[in-house]
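Q: Under our numbering, residues 1 to 434 are what the sequence shown spells out, in order.
FYI, nobody ran anything at the bench for these hints, they're computed from the structure. Any given hint might turn out to be false.
[Said to hold, decoys possible] Below 30 Å or equal to it, Euclidean Cα-Cα: the simulated DSBU-like pairs (lysine-lysine) are: (1) Lys403 with Lys370; (2) Lys281 with Lys292; (3) Lys396 with Lys352; (4) Lys248 with Lys300; (5) Lys370 with Lys325; (6) Lys18 with Lys117; (7) Lys274 with Lys258; (8) Lys258 with Lys352; (9) Lys352 with Lys300; (10) Lys325 with Lys264; (11) Lys117 with Lys62; (12) Lys248 with Lys396; (13) Lys403 with Lys352; (14) Lys352 with Lys97; (15) Lys248 with Lys122; (16) Lys258 with Lys370; (17) Lys396 with Lys43; (18) Lys264 with Lys324; (19) Lys324 with Lys352; (20) Lys248 with Lys274; (21) Lys274 with Lys352; (22) Lys274 with Lys292; (23) Lys35 with Lys18; (24) Lys97 with Lys35.
[As the list claims (entries may be wrong)] Label-pair distances were calculated between CB atoms; the ranges are: (25) Gly326 with Lys300: 54 to 62 Å; (26) Gly326 with Lys370: 25 to 33 Å; (27) Gly144 with Leu347: 50 to 58 Å; (28) Gly136 with Arg288: 44 to 52 Å.
Positions of the beta carbon are idealized from the N, C-alpha and C atoms, including for glycine.
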Amino acid sequence: MPPLDAPAAAPSYDAPQKDLYEIGEIPPLGYVPKKMYAWAIRKERHGEPDQSFQVEVVDTPKLDSHEVLVFVMAAGVNYNGIWAGLGIPISPFDIHKADYHIAGSDASGIVWAVGDKVTRWKIGDEVVIHCNQDDGDDEYCNGGDPMYSPSQRIWGYETPNGSFAQFTNVQSQQLMQRPRHLTWEASACYTLTLATAFRMLFGHPPHELRPGQNVLVWGASGGLGSFAIQLVNAAGGNAIGVISDESKREFVQSLGAKGVINRKNFDCWGQMPKVNTPEYKAWLTETRKFGKAIWDITGKGVNVDLVFEHPGEATFPVSVIVVKKGGMVVICAGTSGYNLTLDARYLWMNQKRVQGSHFANLMQASAANKLMLERRLDPCMSEVLPWDQVPDAHVKMRRNEHKPGNMAVLVSAPVTGLRTFEDTLEASRTSAGR
1 MPPLDAPAAA
11 PSYDAPQKDL
21 YEIGEIPPLG
31 YVPKKMYAWA
41 IRKERHGEPD
51 QSFQVEVVDT
61 PKLDSHEVLV
71 FVMAAGVNYN
81 GIWAGLGIPI
91 SPFDIHKADY
101 HIAGSDASGI
111 VWAVGDKVTR
121 WKIGDEVVIH
131 CNQDDGDDEY
141 CNGGDPMYSP
151 SQRIWGYETP
161 NGSFAQFTNV
171 QSQQLMQRPR
181 HLTWEASACY
191 TLTLATAFRM
201 LFGHPPHELR
211 PGQNVLVWGA
221 SGGLGSFAIQ
231 LVNAAGGNAI
241 GVISDESKRE
251 FVQSLGAKGV
261 INRKNFDCWG
271 QMPKVNTPEY
281 KAWLTETRKF
291 GKAIWDITGK
301 GVNVDLVFEH
311 PGEATFPVSV
321 IVVKKGGMVV
331 ICAGTSGYNL
341 TLDARYLWMN
351 QKRVQGSHFA
361 NLMQASAANK
371 LMLERRLDPC
381 MSEVLPWDQV
391 PDAHVKMRRN
401 EHKPGNMAVL
411 VSAPVTGLRT
421 FEDTLEASRT
431 SAGR
């Protein structure tokens, strides 16, 4: 038998040609219906996910010459779906000007149609999708870093057609080989968080993670944090995970964290008080207590080389204090708020670096995906919800009620646990026969 990660041969099967297929139906391979179901957001519905997300029948996307149409089997749930629905910090409609927005920046699926300039992929290929798009025609895309291109945008957030639909159109350079040892849903849940974590740790020279270094990982039980810990381990470093709930300690330890700290045991969160006030003195005392908890893991006087930041407002001032002299705080989000404060004296006197980081380029995403293909990483899929619960999945994430790890929803895969196209066809027929 060929290995699971060998390219899959497209099966032959009979299916009717229709203008619209129900969720879970499989059209003939390569046949593109005129319409599709999608969870659409409209500007007038901006609000909580159970208000902003509604199922609509919309036109199936048309392809340009370098695009690929993917039949979506499953999709990952990320915080940018919440932001898109809320219209905060910006409305996606102010970017792409479309009438509706389909969120979703993670997916697994099958190549269903290709533009006339696409050569790397063919109909029937099983793929995962990374979410970076660009126009490909400037110096950053040709010899530089495409993430710095003026045309750089995130598919499913800054583009109108994301993964919470039966079909999605993406640039051919967004596709990567699907790990066939994983289910459709497990394949769909990891790319955004994994590639983001990879760039944060390895994409900002000279502060690339090296063996023996110590990394403080905020939100260690979440999608980003769970990959940060695994990547730190793969590089021979030491991850110190921060949690906010004792129930998550065992999960973080199971990922290989060298130590785990519960931030609820300290009172130094939020915006930093004004320097040289009694409130600042109390804050700094608590911050140093937190720093001592790190030393209890790394050794007395040993500060962390890197801080893996994404909460933002609640944690950033502490991050700048506890990172070592010449170390780096790298931040990719602001899930607790955007108003960052810090004590500039610690920044300049100790020559620390604050680095913003945003997703990843194809080379970085592919390097991260290779680790998944080689089974060196666990996708840490926590739970899978059916198609009709896409808003519920985002509500859970919004309220921080989701389980540790990464969440997925089924789209065209009729049931969980399917790993091959053949199994998916059989399950689709069985579901239709009920």
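Q: Please verify whether Lys258 and Lys370 have alpha carbons no more than 30 Å apart.
A: holds (25 Å)
Q: Hey, Lys324 versus Lys352, does the alpha-carbon distance stay inside 30 Å?
A: holds (7 Å)
Q: Are Lys352 and Lys300 close enough, with their CA atoms no more than 30 Å apart?
A: Holds, at about 20 Å.
Q: Does the Cβ distance between Gly326 and Lys370 fall inside 25 to 33 Å?
A: For Gly326 and Lys370 the Cβ distance comes to about 31 Å; the hint holds.
Q: Hinted pair, alpha-carbon criterion (30 Å max): Lys35, Lys18. Please report holds or violated.
A: holds (9 Å)
Q: Are the Cα positions of Lys274 and Lys352 separated by 30 Å at most?
A: Holds, at about 21 Å.
Q: Straight-line Cα separation of Lys248 and Lys274 no greater than 30 Å?
A: violated (33 Å)
Q: Please test the hint of 44 to 52 Å on the beta carbon pair from Gly136 and Arg288.
A: With a Cβ separation near 49 Å, Gly136 and Arg288 satisfy 44 to 52 Å, so the hint holds.
Q: Holds or violated: are the alpha carbons of Lys248 and Lys122 at most 30 Å from each other?
A: Not OK: Lys248 and Lys122 at ~42 Å, beyond 30 Å, violated.
Q: Hey, Lys403 versus Lys370, does the alpha-carbon distance stay inside 30 Å?
A: holds (26 Å)
Q: Is the Cα-Cα distance between Lys274 and Lys292 30 Å or less?
A: Judged against 30 Å, a Cα distance of about 23 Å means the pair holds.
Q: Verify the proposed pairing of Lys264 with Lys324, using a straight-line Cα cut of 30 Å.
A: holds (23 Å)
In terms of the numbered hints stated before, the structure departs from hints 3, 5, 7, 13, 14, 15, 20, 25, 27, listed from lowest to highest.
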